[in-house]
Structures are given as C-alpha cells and as structure tokens.
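*Asks:* Based on these hints, arrange chain Z on the given structure of chain S.
Quick mapping for you: the protein sequence lines, in order, are chains S and Z. Quick note: the first sequence uses the working numbering, first residue 10, plus one each step. Quick note: the second sequence uses the working numbering, first residue 10, plus one each step.
Treat the hints loosely; a few may be bogus.
The list cannot tell twin chains apart, which means a pair is met if one copy fits it or any two copies do.
Claimed, not checked - Simulated pairs of lysine to any residue, SDA-like, Cα-Cα distance not exceeding 20 Å:
{"hint": "1", "residue 1": "Lys179", "residue 2": "Gly140"}
{"hint": "2", "residue 1": "Lys191", "residue 2": "Glu70"}
{"hint": "3", "residue 1": "Lys191", "residue 2": "Pro284"}
{"hint": "4", "residue 1": "Lys39", "residue 2": "Glu123"}
{"hint": "5", "residue 1": "Lys204", "residue 2": "Glu37"}
{"hint": "6", "residue 1": "Lys249", "residue 2": "Arg260"}
{"hint": "7", "residue 1": "Lys82", "residue 2": "Glu50"}
{"hint": "8", "residue 1": "Lys249", "residue 2": "Ile137"}
{"hint": "9", "residue 1": "Lys179", "residue 2": "Met116"}
{"hint": "10", "residue 1": "Lys191", "residue 2": "Gly109"}
Rather than coming from a laboratory, the hints here were simulated on the basis of the structure. Predicted, not measured: the structure shown is a model, and the values here were computed from it.
Protein chains: 2
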Amino acid sequence: MTRIGIDIQGGDYAPEVVWQGLELALPELKAGTELNLYGLEADAARSPEGHRYHLCSQAIEMGEHPVKALQQKQDATLIRGVVDLAQKKIDSFASAGHSGALMVASMQILGLQEGINRPVVVSLFPRIDGGQIAVLDVGLNVDAQAEQFLEFAQLGASYAKAVLAKREPKIALLNTGAEESKGSVVYKRAHELLKESVEGFSGNMEARDFFQSDVDVLLCDGFTGNIILKQTESFYTLSKELGLKHEFLNRLDYENYGASPIRGVRGKVFLAHGPSGPRAIKNMILGAESIALANFVHS
Amino acid sequence: MTRIGIDIQGGDYAPEVVWQGLELALPELKAGTELNLYGLEADAARSPEGHRYHLCSQAIEMGEHPVKALQQKQDATLIRGVVDLAQKKIDSFASAGHSGALMVASMQILGLQEGINRPVVVSLFPRIDGGQIAVLDVGLNVDAQAEQFLEFAQLGASYAKAVLAKREPKIALLNTGAEESKGSVVYKRAHELLKESVEGFSGNMEARDFFQSDVDVLLCDGFTGNIILKQTESFYTLSKELGLKHEFLNRLDYENYGASPIRGVRGKVFLAHGPSGPRAIKNMILGAESIALANFVHS
Numbered sequence: 010m011t012r013i014g015i016d017i018q019g020g021d022y023a024p025e026v027v028w029q030g031l032e033l034a035l036p037e038l039k040a041g042t043e044l045n046l047y048g049l050e051a052d053a054a055r056s057p058e059g060h061r062y063h064l065c066s067q068a069i070e071m072g073e074h075p076v077k078a079l080q081q082k083q084d085a086t087l088i089r090g091v092v093d094l095a096q097k098k099i100d101s102f103a104s105a106g107h108s109g110a111l112m113v114a115s116m117q118i119l120g121l122q123e124g125i126n127r128p129v130v131v132s133l134f135p136r137i138d139g140g141q142i143a144v145l146d147v148g149l150n151v152d153a154q155a156e157q158f159l160e161f162a163q164l165g166a167s168y169a170k171a172v173l174a175k176r177e178p179k180i181a182l183l184n185t186g187a188e189e190s191k192g193s194v195v196y197k198r199a200h201e202l203l204k205e206s207v208e209g210f211s212g213n214m215e216a217r218d219f220f221q222s223d224v225d226v227l228l229c230d231g232f233t234g235n236i237i238l239k240q241t242e243s244f245y246t247l248s249k250e251l252g253l254k255h256e257f258l259n260r261l262d263y264e265n266y267g268a269s270p271i272r273g274v275r276g277k278v279f280l281a282h283g284p285s286g287p288r289a290i291k292n293m294i295l296g297a298e299s300i301a302l303a304n305f306v307h308s
Numbered sequence: 010m011t012r013i014g015i016d017i018q019g020g021d022y023a024p025e026v027v028w029q030g031l032e033l034a035l036p037e038l039k040a041g042t043e044l045n046l047y048g049l050e051a052d053a054a055r056s057p058e059g060h061r062y063h064l065c066s067q068a069i070e071m072g073e074h075p076v077k078a079l080q081q082k083q084d085a086t087l088i089r090g091v092v093d094l095a096q097k098k099i100d101s102f103a104s105a106g107h108s109g110a111l112m113v114a115s116m117q118i119l120g121l122q123e124g125i126n127r128p129v130v131v132s133l134f135p136r137i138d139g140g141q142i143a144v145l146d147v148g149l150n151v152d153a154q155a156e157q158f159l160e161f162a163q164l165g166a167s168y169a170k171a172v173l174a175k176r177e178p179k180i181a182l183l184n185t186g187a188e189e190s191k192g193s194v195v196y197k198r199a200h201e202l203l204k205e206s207v208e209g210f211s212g213n214m215e216a217r218d219f220f221q222s223d224v225d226v227l228l229c230d231g232f233t234g235n236i237i238l239k240q241t242e243s244f245y246t247l248s249k250e251l252g253l254k255h256e257f258l259n260r261l262d263y264e265n266y267g268a269s270p271i272r273g274v275r276g277k278v279f280l281a282h283g284p285s286g287p288r289a290i291k292n293m294i295l296g297a298e299s300i301a302l303a304n305f306v307h308s
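Chain S on its own, in the form it takes in the complex:
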C-alpha cells in the first residue's frame, strides 16, 4: 500500500481548494493508494471513504515565523504530517502551505541526508525533445556557496535516476557562457569543483539552450532558479494571452506540475505554490503518489 499524506490546511485557499483538488485526484489514484489527510475537526466529515483522516487542532498561517510555528504548533496539520512521515506511517507528504515552515519542519523532524547541509527544491521543466530537465535549487538557497553545488549535483543526480529513470544523468551548471572562465566568482569556483568530482558533469549550459538541451539536471543557486521558474511562468502566461496553442505550452503550465519535491531530507516531501488552484492540488497529490513509489538511493 502507498500512503500519501496531504495537508488539508495548506495553501492560500485552503481548505476549500484542497478538497476540490482532492476530488479531481481521487479517480486517478492507483489502487492501493491510501490518502492520509491532516485537517481540522470542521472538515472531518468530508474525508472520503477508504482513506484516513488525522484530526489536528492547529494550522500554520502564511505570515507565521517558521521556527516559532514549529515550536508552538506541534498539533498543526503540516507538522503532524511531517512527524508521521518521519515515523514511516506515511510514504510521502505534500502541502501547499507555508514553505518556510515545511522546510524547517522537514530539516528538524526528518533530518538531513548524509553529506547534505541544506535541503533544496527541485523543479522539472519540459524539453523540446520530449524529455525533462530537473533544475535545482529553485528557491531556498538564494546565497549558495560554490561548495553547495556539489550537494545540488548529488541530489539532482539521485532525483534524475529515480524519477526520470536516467541511469547516467547528464548534469550541467547554468552559466553565462560555455567557457569555464565564465560567470560570477561562485559559479567559476562551482565549475572547478564539479569538474573535479562529479560524474556526468558536462560543463556550463547557457540559458539560451534551456528548452533545447539534452541535459537532465541543471544546477544553479536558489535565486537564479527562482527567476528561471518564474520567467517560464511569464512565458506561459504570455502564450495564453497571445492565444498561442501547442501541446508543449501546456507542459509549461505549473498547474500541470503541481508541486516541487524538497530533496536532501530523510523523507519524501512535496511543496506546492501557495496560490495553487484545484488542478495544481490534484497534480500535487498525484506527484506525491508517484514520488512515494520512486526508489531513491540516497533517501
């Protein structure tokens, strides 16, 4: 049985939108998948048959301080889910709630993987050749140091192996030019370190090849990754505004991705955008199901 944990109170429009997304996801779940819903008493009656509802007395609000929330709200939906994940009562946990709180809870309750000092957020983007490129970090490590890129490479490689089924993932460093000498101080040093010790490292990749490369894992700091993620959203919005239609463009819609995995912690945690709509929540749940089934070497 696959046991998926869902934070009913997670998201700007929770709980209503989470229920709507859940309804969309239910018919598509695999037989043998059990949802474990972490919600408040008011919503308990809405829990679908054949799944489990975990009654919680608290919820973390968007403006709260993550560390304080973790200390003071032990019975919050988000915390309870992470605790159950740590105790192996569920196989993965997904929330569109407070990303900082989810990050801190994941680090403190699940703990970090060996050799990892900071978790990362991974985002998948479509390539025009039909493949996908995993980009990390896309949000947490905005001041990443060169040494952290080795952790990004390790986490990206294990992700590509487990989720993209790449035995020998091709790894590249996002940079301003193909030459080793390109980029900022941090990126130049990161290039040296990656070249020295990372198997499958193919050098720098320029953003002009973003959709066109055959790279499986693209490494960048969390600031740059966040810009790339959001500029892609801007392209998608633009294409809709212009009335452009193509199957590939649908693959750029973040609602189709639903959520991004947090990697580097000892458990499978899935983070969705706060303003997620029902379709994004649906895909978050299906993503949490598929990642629960994935076999990570390092987690």
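*Replies:* Frame of chain S; chain Z shown alone:
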C-alpha cells in the same frame, strides 16, 4: 549631421556579414546620417559613396586579452572608433566584436560618467501592453554589490527618459518575491538602498511578471540579467521550433534589437552579439543612429 561609427571587423563573421548588414541598413538611414566605417585596407573599396572609410591596420580577434589588445593594437578598428568617439568626431560607435575589449576601451578612452564606477549593458524587451522594459545589467557586472544597484538605477532612469521617452520611469528590482525581505543578501540590501534614495522605485518585481508589468526599468546583477536575456532567446527559439506565429514573438527576436547600449561611459557605444547575422547588424546600425540622436542627460 549624425555621424555613426561602425566596426567593419567586429563579429564572428566579419567583415562579410557587416557589409551585408550595412547594405540592408543603408536605405533606412535618415538623410543627414553619415557612416564612419573602421576597416582594413582590403575592404576600403567596398565603402559606399557619401560615407567615410577610416583605414586601419589592425583588428582585434575574439580570443585576445582585452587590456593587452588595447595596449598593443592602437590602430585596431574597434580602438580607432572609440578614440574618434572620445574626440567627438563621431556621435556613436557600434561593434559586434570583442565585448571585453569594447568595454575596456570604452572605460579607458571615453572614461566613466560622474558617480559611475562600472559600465553596464542595457537590453530592451517588449511588454505585452506594447511598451518596453529596459533591463540592466545584462552581462558585465556578474558579481554586483548592493551599492552598484544605485548606479544601475541612475543609468536605467536616464536611458528610459532618453530612449523610451518616459519622464518618470517606473523602476523595479528583480527579485524572488514582492516582499522587501525576499532575495539574497545583496538583493535585500539593494532593496533598502533603492528605497531610501531612488525616485520612481516601485519595489521588487518577480520574473513571473516579466512581460506583463508596467515597469520601465528592471534592475538586476549581470549574471541574472544574462540568464533572463538568454532564457528569452530560448523561448523565442522554442516558439519558432513549435511553429508558433504572433507579431509579439517577432519582437522577442534579438536580431530585431540588434545590439545593446553600454551605459555609464562618456559616449554612446553599442554592442552586438558576436554571432550576429546581417539583420542583427542592420539593426545595430539603426540602433546606433537612433541612440546618437537621443538626448541623455548624463552623457
């Protein structure tokens, strides 16, 4: 008379492609515009009537060290053009040649504007509302410190006033979220400084609003700006590969922009991509003409 300097030896496919671009530009030049062509003896006979050919004995190759090139090749096409610009013999100078050499020559021969410590490269992008957004820096200052963002704001504002005809340009800081507390250490500090002292500063802008905002000037470090520039190229290439058609997409084609101005130096210098084709060169020349006519307060 408007006197435009052109580096005949600038670009990966020079001089042939420069001549081709020049031929495309000639019919569109304003009456009263004089081209000043800096080229080698072999090409002198190709100079069109009514324009001036400056015979040079050297050319700077792509792999050369910028500072050495400046010291050892005083008679190179690129250097001679910048010297003539400094001596007010021409009103603007454009090259698709060695960007580092053009930057160093501009700084050393033209000198920096008052209050400016480093030049920047500006790039214009279309907005869906029909306007344009000037992004800087897009390439030079890959390790920008927070204080430099004040220079970016000054140079961006004067550019928007002169070229986009914005009396009170709206200025924003590219960042990972709208809140002041978002971003890396440098961006948080840059936000504080901009808020304190820059008129027209409207706060952070997320990349998801890149094409959709009403911002005139977007500030970022040269690393991030380069990524944005090139990811837009990737999106343009993608749209062509998918067979998408829309007038707006043509505006994303960098060949239609042709070149980017270097700002912060005492003179109007225009830099095109090394691999520019004839159409990009044509637009570089027309851009150099229009910038020669622009009235910059600070230059």
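*Asks:* Now tell me if each hint is right for this structure.
*Replies:* Checked hints:
1. Lys179 with Gly140: within (12 Å within a copy, 40 Å between copies)
2. Lys191 with Glu70: between (42 Å within a copy, 18 Å between copies)
3. Lys191 with Pro284: between (37 Å within a copy, 18 Å between copies)
4. Lys39 with Glu123: For Lys39 and Glu123, the Cα distance exceeds 20 Å both inside one copy (32 Å) and across copies (67 Å).
5. Lys204 with Glu37: neither (43 Å within a copy, 49 Å between copies)
6. Lys249 with Arg260: both (13 Å within a copy, 17 Å between copies)
7. Lys82 with Glu50: Within one copy only: 16 Å inside, 79 Å across.
8. Lys249 with Ile137: both (19 Å within a copy, 12 Å between copies)
9. Lys179 with Met116: Close neither inside one copy (28 Å) nor across copies (40 Å); limit 20 Å.
10. Lys191 with Gly109: between (33 Å within a copy, 12 Å between copies)
Hint compliance for this structure: hints 4, 5, 9 are not met, and every other hint is.
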